[in-house]
Amino acid sequence: MCVQIMILCQFKKFKGSANAYSTNDLFLETDNEDLKDAKDEVKSSLPPITNLKRWQWWLLVFLNIGFLLIGQGVAVLLLRSYYEKGGHCNWAATLAQNAGFPFLFIPFILFPSIKEPSTKCPRIVLMLIYVGLGALFACGNLMHSVGLEYLSTSTYSCICATQLVFSAVFSFFINSQKCTILILNSIIVLTLSAILVGVSGHPAKQVSQAKYTLGFVATIGASALYALLLSLTQLSFQKIIKKETFAVVLELQICTSIVASCVSLAGLFASGEWRLLEGEVMNFHDGSLSYAMTLILTAIAWQICSHSRIVSFAFGCCHRV
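With the first letter of the sequence shown counted as 1, position 273 gets the number 273 in full-length UniProt numbering; the numbers rise by one all the way through.
Straight line, CA to CA, 27 Å or less: simulated DSS-like cross-link-like pairs of lysine-lysine:
| # | residue 1 | residue 2 |
| --- | --- | --- |
| 1 | Lys178 | Lys243 |
| 2 | Lys239 | Lys120 |
| 3 | Lys178 | Lys239 |
| 4 | Lys243 | Lys53 |
| 5 | Lys242 | Lys178 |
No wet-lab data here; the hints were simulated from the structure.
I would like the entire structure built from these sequences, with the hints used as guidance.
Written out as structure tokens, the structure reads:
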């Protein structure tokens with residue numbers, strides 16, 4: 001959750017960075033006519049949030065953070081409930097985290113004026129970016145699933161907070177993000193917290209020490225991988241796509257989710273876990289309907305979290321153009 005909120009801080013930094021995103025810098029790269037066309041295209045492809053007043057923008061930012069915390073919190077609780085009530089298929093849980101991408105089409109329904117995303121980046125390059133990021137997202141979600149299977153919700157949440165540490169490190173080296181005293185203090189506190197959880201934490205009675213260690217390592221790895229993905233996504237927009245409109249960000253999120261879902265399905269069949277699904281559904285603690293609703297609501301909650309991340313990109317775009 002912390003690493004998601006950090007996106008807003010990064011965009012706020014970009015907003016105040018006149019040297020990086022001023023009109024003068026854009027003028028050095030394009031002529032006056034191209035610059036005018038680019039501005040008109042960005043404004044026409046965004047929802048009306050570009051005209052919001054400052055207090056309205058901040059209100060939506062806080063609403064976005066609220067949806068982010070609620071979405072990820074509910075998703076974590078539901079996935080943990082899935083394992084506690086008899087679920088054992090990590091690939092099925094991973095698929096649930098990725099397969100809710102149809103909900104990302106809602107903004108296109110609410111804002112039909114959004115144009116088709118257009119960028120000078122070759123389509124084949126975009127496809128390679130989508131495939132690479134989507135595959136990494138699937139791997140990260142799989143590690144999250146393993147962590148939730150063997151760790152308690154509180155332990156898992158404490159370890160996931162280290163995403164901020166990894167995000168700060170990757171942003172410093174990949175995105176040239178400055179390391180302030182507040183960020184350094186957060187890194188120290190969260191690192192010490194994760195160490196204390198790892199040293200003093202004890203597995204549940206039904207979980208062996210080896211599985212507890214596996215869950216701990218998997219959650220740390222997922223936090224690091226997710227932070228790396230955020231930095232790589234931001235780098236892709238800055239250096240390759242070079243356009244951060246609402247429609248382009250939505251396209252990236254939808255395409256990477258589709259790729260991640262395909263990878264999850266391939267893993268489900270390749271691992272043989274699909275053979276266990278029928279017995280898992282029949283033996284689920286609260287019945288087959290509860291099983292289906294748990295995974296469906298998990299997909300919805302995860303996409304609420306993803307949508308909040310998209311809005312974070314959109315807010316940053318609106319205040320950079």
